[in-house]
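J.: Sequence:
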Amino acid sequence: MNKPVIILGASDLGKAVLEIFKSNSVVVYGFLDDDKKLHGTEIEDSTVLGSTDNEDFLKIIGKDCDVFIASDDNSWKATMIKSFRKHQKSMPVNAIHGNASVAQSAIIHHGTLINHGVIIGANAEIGNHCMLHSGCIVDFNAKIGDFVQVGAGSIINSGVVIEDGAFVGSGVTIVSGVTIGEGARVGAGSVVISDVKKKQTVFGNPAKAID
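If you're matching positions, the sequence shown starts at 20 in the working numbering and goes up one per residue.
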C-alpha cells in the first residue's frame, strides 16, 4: 500500500484503525466524521478534516489516497461503498494489523479490518468489509461472507461457513463444519455446535435459539 489513507469515522473504532495503519507504516491523511465538534481536532497526529460528504476530500479518493470505513453500521457502510464504486471507481482498502498472522493461501477481499493478534489459517476466505477483532482465530478452510463481524477472542474452527451480515460476539467458539446463516447473531461466550438459521439469534453453551 503506497498511498496515504483517509479514515471515515473518528470514533474509538477509527482510532483502532489508525493504530493498524501505523503498525504497517501507512500514512493516514486524516479522518472524515459527521460530528462537527470533532472537526479540526487531532487524534494522535491525524486531523479530523471534515464531514464524510466533503467533496474536496472525497474527490481525491482513488487518485491520491485510499479510504477505509471505520463503522459497524453496515447499512451506512454499504451506501458509502456504492458511492465510492460509482464516483471514485474505487473500493476501501484492508486494515490488517502488523501483528496479525495471515496464511499465504488465505484470501482476504476488500475493506476488511483484521486487528491485533488475529490468526487466519490456510485456505480460509474472508469477505468484503468484515471486522475481525483482536485475538480471534479463523482456522483453515473457514469461509466468512461480506459485512461479517467477529468479536475479540472468538474461535472459528475449520470448515465453518459464516454467511453475509452475521454477527459473532466476543469469546465465541464455533465448532468445525457449522454454518452460521445470513444475518444471524451469536451471543458472546456461546459455543455453537450446530447450524444457525438465517437471521436467527443464538446464545449459550451449547448455543440455543432465543425466541
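Heads up, a few of these hints could be off.
[Unchecked claim] Calculated pairs, BS3-like style, for lysine-lysine (alpha carbon to alpha carbon, straight line, at most 27 Å): (1) Lys55 to Lys227; (2) Lys82 to Lys41; (3) Lys22 to Lys108; (4) Lys96 to Lys108; (5) Lys162 to Lys101; (6) Lys78 to Lys162; (7) Lys217 to Lys96; (8) Lys217 to Lys162; (9) Lys218 to Lys162; (10) Lys227 to Lys216; (11) Lys162 to Lys82; (12) Lys78 to Lys101; (13) Lys41 to Lys55; (14) Lys55 to Lys96; (15) Lys78 to Lys55; (16) Lys108 to Lys56; (17) Lys22 to Lys78; (18) Lys227 to Lys101.
[Stated by the list, open to error] Have a look at the derived ranges for each label pair, beta carbon to beta carbon: (19) Lys216 to Ala97: 19 to 25 Å; (20) Ser120 to Lys216: 28 to 34 Å; (21) Gly223 to Asn43: 37 to 43 Å; (22) Glu61 to Asp92: 20 to 26 Å; (23) Thr220 to Ile79: 16 to 22 Å; (24) Thr60 to Ser195: 29 to 35 Å; (25) Asp64 to Lys227: 18 to 24 Å; (26) Ala228 to Ser177: 35 to 41 Å; (27) Ser44 to Gly223: 42 to 48 Å; (28) Ser177 to Pro23: 34 to 40 Å; (29) Gly196 to Asp31: 42 to 48 Å; (30) Glu74 to Asn142: 20 to 26 Å; (31) Lys216 to Glu38: 23 to 29 Å.
I should point out that these hints are in silico values taken from the structure, not numbers from a laboratory. Glycine residues also receive a C-beta, built at the ideal position from the N, C-alpha and C atoms.
J.: Are the hints correct? Go through all of them and say.
T.: Each hint tested on the structure:
As the CA atoms of lysine 55 and lysine 227 are separated by approximately 43 Å, the hinted pair breaks the 27 Å bound. Note on lysine 82 and lysine 41: the hinted pairing holds, with a Cα-Cα distance of about 21 Å set against a maximum of 27 Å. Proximity of lysine 22 to lysine 108 is assessed by CA-CA distance (about 16 Å); at most 27 Å being required, the pair is judged to hold. As the CA atoms of lysine 96 and lysine 108 are separated by approximately 16 Å, the hinted pair is consistent with the 27 Å bound.
A hinted pair counts as satisfied when its Cα atoms are at most 27 Å apart, and lysine 162 with lysine 101 qualifies at roughly 24 Å. For the given pair, lysine 78 sits about 34 Å from lysine 162 by alpha-carbon distance, which is inconsistent with the 27 Å threshold. For the hint pairing lysine 217 with lysine 96, the CA-to-CA distance comes to about 21 Å; that is within 27 Å, so the pair holds. Between lysine 217 and lysine 162 the alpha-carbon distance is near 16 Å, which keeps this suggested pair within the 27 Å criterion.
A C-alpha spacing of about 18 Å is found between lysine 218 and lysine 162, which places the hinted pair at or below 27 Å, so the restraint holds. Distance restraint check for lysine 227 and lysine 216: the Cα-Cα separation of roughly 11 Å lies within the 27 Å cut-off, and the hinted pair is therefore satisfied. Simply put, lysine 162 and lysine 82 have alpha-carbon atoms about 32 Å apart, too far for the 27 Å limit, and the pair is violated. Of the supplied pair hints, the one linking lysine 78 and lysine 101 holds, its CA atoms being roughly 15 Å apart against a limit of 27 Å.
Between lysine 41 and lysine 55 the CA atoms are separated by roughly 25 Å; this keeps the pair inside 27 Å, and the hint holds. With a CA separation close to 19 Å, the supplied pair lysine 55 and lysine 96 stays within the 27 Å bound. Distance hint between lysine 78 and lysine 55 is fulfilled; the C-alpha atoms sit about 20 Å from each other, no more than 27 Å. Among the hinted pairs, lysine 108 with lysine 56 is inconsistent with the structure: their alpha-carbon atoms are about 31 Å apart, more than 27 Å.
With a C-alpha separation of about 15 Å, the suggested pair lysine 22 and lysine 78 falls inside the 27 Å cut-off, and the hint holds. The suggested pairing of lysine 227 with lysine 101 is violated, with an alpha-carbon distance near 36 Å, which exceeds 27 Å. For the pair lysine 216 and alanine 97, the supplied restraint of 19 to 25 Å holds, since their beta-carbon distance comes to about 23 Å. A hinted range of 28 to 34 Å holds for the C-beta pair serine 120 and lysine 216, which are about 32 Å apart.
As the Cβ distance of glycine 223 to asparagine 43 is approximately 38 Å, the hint placing it in 37 to 43 Å holds. Checked against the hint of 20 to 26 Å, the pair glutamate 61 and aspartate 92 passes, with Cβ atoms roughly 24 Å apart. In this structure, threonine 220 and isoleucine 79 break the distance hint of 16 to 22 Å, their C-beta atoms being roughly 41 Å apart. Hint check: threonine 60 to serine 195, Cβ distance near 47 Å, so the stated range 29 to 35 Å is violated.
Taking the beta carbon of each, aspartate 64 and lysine 227 are about 48 Å apart, not inside 18 to 24 Å as hinted. Evaluation of the 35 to 41 Å hint for alanine 228 and serine 177 yields a failure: the beta carbon distance comes to about 24 Å. Here the CB-CB span from serine 44 to glycine 223 is close to 43 Å, well matched to the stated 42 to 48 Å. At about 38 Å, the beta-carbon gap between serine 177 and proline 23 stays in the expected band of 34 to 40 Å.
Separation of glycine 196 from aspartate 31 is about 35 Å and departs from the stated range, judged on CB atoms against 42 to 48 Å. In this structure, glutamate 74 and asparagine 142 break the distance hint of 20 to 26 Å, their C-beta atoms being roughly 42 Å apart. For lysine 216 and glutamate 38, the hinted distance range of 23 to 29 Å is not satisfied, since their beta carbons lie about 36 Å from each other.
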